[in-house]
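**Q** Below, each chain spelled out in residue letters.
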Amino acid sequence: MKITAAAHAHKPLSLSDPDGFKYLLITLTLAIIGLFLVLPLATVLTEAFAKGWLTYRDSLTHPDTLAAIRLTLLTALITVPLTTMFGVCAAWAIARFEFSGKNVLLTLIDLPFSVSPVIAGLIYVLVFGAQGWFGTWLSDHDIKIIFAVPGIILATLFVTFPFVARELIPLLQEIGHEEEEAALSLGAGSWKMFFKITLPNIKWGLLYGVLLCNARAMGEFGAVSVVSGHIRGLTNTLPLHVEVTYNEYDFVGSFAGASLLAGLAVVTLVIKTFLEWRQAQDLKSARVASE
Amino acid sequence: MSIILNNISKQFGDFTALANINLDIPEGELVALLGPSGCGKTTLLRIIAGLEHADRGEVFLKGSEVTDQPIKNRQIGFVFQHYALFRHMTVFDNIAFGLRVKPKKERLHETEIKKKVHALLNLVQLDWLANRFPEQLSGGQRQRIALARALAVEPSVLLLDEPFGALDASVRKDLRLWLRHLHHELNVTSIFVTHDQEEAMEVASQIVVLNKGHVEQQGSPSDIYDHPANAFVSQFIGHTNVFELGQQDTFWLKNSGLPTPETGKVAHVRPHDIGLDKATGEGAQAILKDWQHLGALIRVELLSKDADGGMTTLFAEMPNEQFKALQIDKGDKVAVRIRHAHWFH
Amino acid sequence: MPQSHIMPGFRPAISFTLVYLSLIVLIPLSAMLLKTFQLSWDEFWAILTNQRVIASFRVTFVSALSAAAVAGIFGFIIAWTLVRYPFPGKRLFDALIDLPFALPTAVAGIVLATIYQPNGVIGKLVLAVFGVQIAYKPLGIVFAMIFIGLPFVVRTIEPVLQEFDTAMEEAAASLGANRLQTFIKVILPNILPAALTGFALAFARAVGEYGSVIFIAGNMPYISEIVPLLIITKLEQYDYAGATAIGLVMLILSFILLLLINLLQGWLRRRNGQL
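Protein chains in written order, with this note's numbering: chain V, 1 to 291; chain W, 1 to 345; chain H, 1 to 275.
Simulated from the structure, these hints should not be mistaken for lab results. Where is the CB? At the ideal position from N, CA and C, for every residue including glycine. Where hints are given, some of them may not hold.
Between beta-carbon pairs, the in silico distance windows are [unchecked claim]:
#1 H:65 with V:52: 35 to 45 angstroms
#2 H:91 with V:139: 51 to 61 angstroms
#3 W:222 with V:99: 40 to 50 angstroms
Next comes chain V alone, as it looks inside the complex (with noise of 0.2 angstroms):
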């Protein structure tokens, strides 16, 4: 977008399609988005409030989906900080630090992404259900992890595990430890280097990734799906509830739960482009700052 900006201002004649051709694409582009992303969202709207709005504040204030919106906002409220610790212990080690084995690390941290949601799901049951690895000794125990809250949280954690590492490990080695070695070179020790000068410098990417981390956690489907058990008020999770509401026909009351995590969607894009904003200020800065 940036640089559609530079285009304006000095269009190199090379570019200047034909204008049909060029109406014909926007057309397009415009369709697609339209079809395929503002429809959907809108149908969200339009169908929670198909009944009205009382129906709809009805919905919502239904225990099941107050019991819902608990577990997952709790979910979250786990899952996300330990996500982030991890994000920036494995971003340190690996944006600072040569090691062997670092590649397949890296490897290892991105696989969660390419993983089916529901096998996140299923290697959880294998090692904590009834015929897993600690089944007995759990059942024994009475420790509920699958179909109870525990999973839930596990699937969650395996989910998002790349987010905020992902985020880091570049934006770390992009802005290099120059200015971490100045601080030490002051007399900074270990932490006031990294809380006065590492995390001021990555806090947007930090951010960035702990949104995309967070909207995953909330909205996470399959993998939780598989784990949950899906017991209405106790391991119903939001996108779990708007599940189950829809193959009970209850259409009003799963897309009143939609339109929140619709809503969430819309926030987190929000918030999403002005910190992609903020880190392009702050890198361009950083560029300009070394020349």
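Starting from the known structure of chain V, arrange chains W and H on it as the hints suggest.
**A** Below, chains W and H without anything else, positioned relative to chain V:
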């Protein structure tokens, strides 16, 4: 001695960055670590600073061994090549950083810090920039702020990595002199790394010439220029014409008035040690190929015949007036007189 | 950038990283491996060659391939337009591209099902005009996969198009090439690595996708049942061995895809370095 290095060696994989470096740097000097890129000069500076660990050898600062001390305990000031100013802090906060991260007991009161920072800003003549951010500064200003920041902690040694490397040519000239004067004022033992021999000659009181991880020579700029220890130093500092006995016509060299010693094989002749006369048929002959006006000096490009019939290009330099008085032009034959040479094996 | 040798914190950082990686990813994944090894080869083979399993793999891969291809073309058009042509509201549309990333898959699933079902907004139209039903048919799966694959393609091609040195186009034009020739001989070869990477990313995502597909798929065994759903079905029937065997195959496939994508991205970086 302010800085002593004992047998410092550093290996990066198969590459030997530094091999048995020994250096004594007296108190109050402004030293240039000079050498071509890849000679290990930056690595050496970083080892002195504690930004890098030597594989072997010891580092002494002000008489005490600091080899295993982390950088924060070494009391050094380090100016980074790209300044490494903290981009999220103002100029003021950048300079105050080192004072503010001190442990509570040693930390100055904030009003004292403020006074000190402003004194430093005045020292580098940039007090009016206190509230700017690094990205709003020019390269030269950033350089001076980086210096002020390093000085804030009152280092016993100031280390500068290619301090003028990232600057425009015109700014660089000014800052070189400014740094030299600042050093006179502060008298902090300082070491800077450079690959630019002119810069080293102009700024430093001592030059250490490094090549391929070895110290080639250490001395004052005059020492190094007038008495180069070896062929590398002679060629690296200033311009030089190289004559190899056997390849060059020995007779021609003799004719030029240069006495050939018994031991040397290679003669290095500075362009200003070559004199010209109108050709008289005697002495060493050459053809004036071209000349360039360098300001106060004229550089003359000469072609002389080798023993095997090939041509060699020599450069001579002389003051403007002298060249005019000779009244020679391109294509003319001239007689060459070599006044002085350094002989190497 | 050379690594620094005095940076603090390597040991705690790498220790936490490795412990966390083992607990969350490695140990659970190895559980799947070990579980599969409890099967004999014949049992394993029997599970995989079951007609229903083969059908579900076929449905999944054919749908994912078609969807990634369509998303590739759509994505290219969108990226091209967003980078090259000014039009009002562009930034908004650009931000919207990421909606499928941000929208929970369950929401996407029920919305797409609602829109494309025979009496849905688009479903009705398509049924009336073309006589084709989208939702609850294999075609519905493809539509859902296009939806989730689209941003991968756009977001991979966009930066490459932005960085693309338009001087090359001008050079081609100055040498007498027309617009189409310039596109085919100059632009396309330079965008190709990015387009392929985007395609592969979209494909990988589509193969494993569950939430946005199951609502619209109809989930008829042999016809519109995708592999992830089959795994869940097997789990619900307590057929852990079956679920695990299929899961392992999926895992291996996604690992291969991941390596392929890494190779493509390496190619992409080198290509861009040359630009």
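**Q** Evaluate each hint against the coordinates.
**A** Going through the hints against the structure:
Taking 35 to 45 angstroms as the suggested C-beta distance range, the pair residue 65 (chain H) and residue 52 (chain V) conforms, at roughly 44 angstroms. At about 55 angstroms, the CB distance of residue 91 (chain H) to residue 139 (chain V) agrees with the hint of 51 to 61 angstroms. Under the hint 40 to 50 angstroms, the C-beta atoms of residue 222 (chain W) and residue 99 (chain V), about 49 angstroms apart, fit the expected range.
Consistency note: the structure conflicts with none of the earlier hints.
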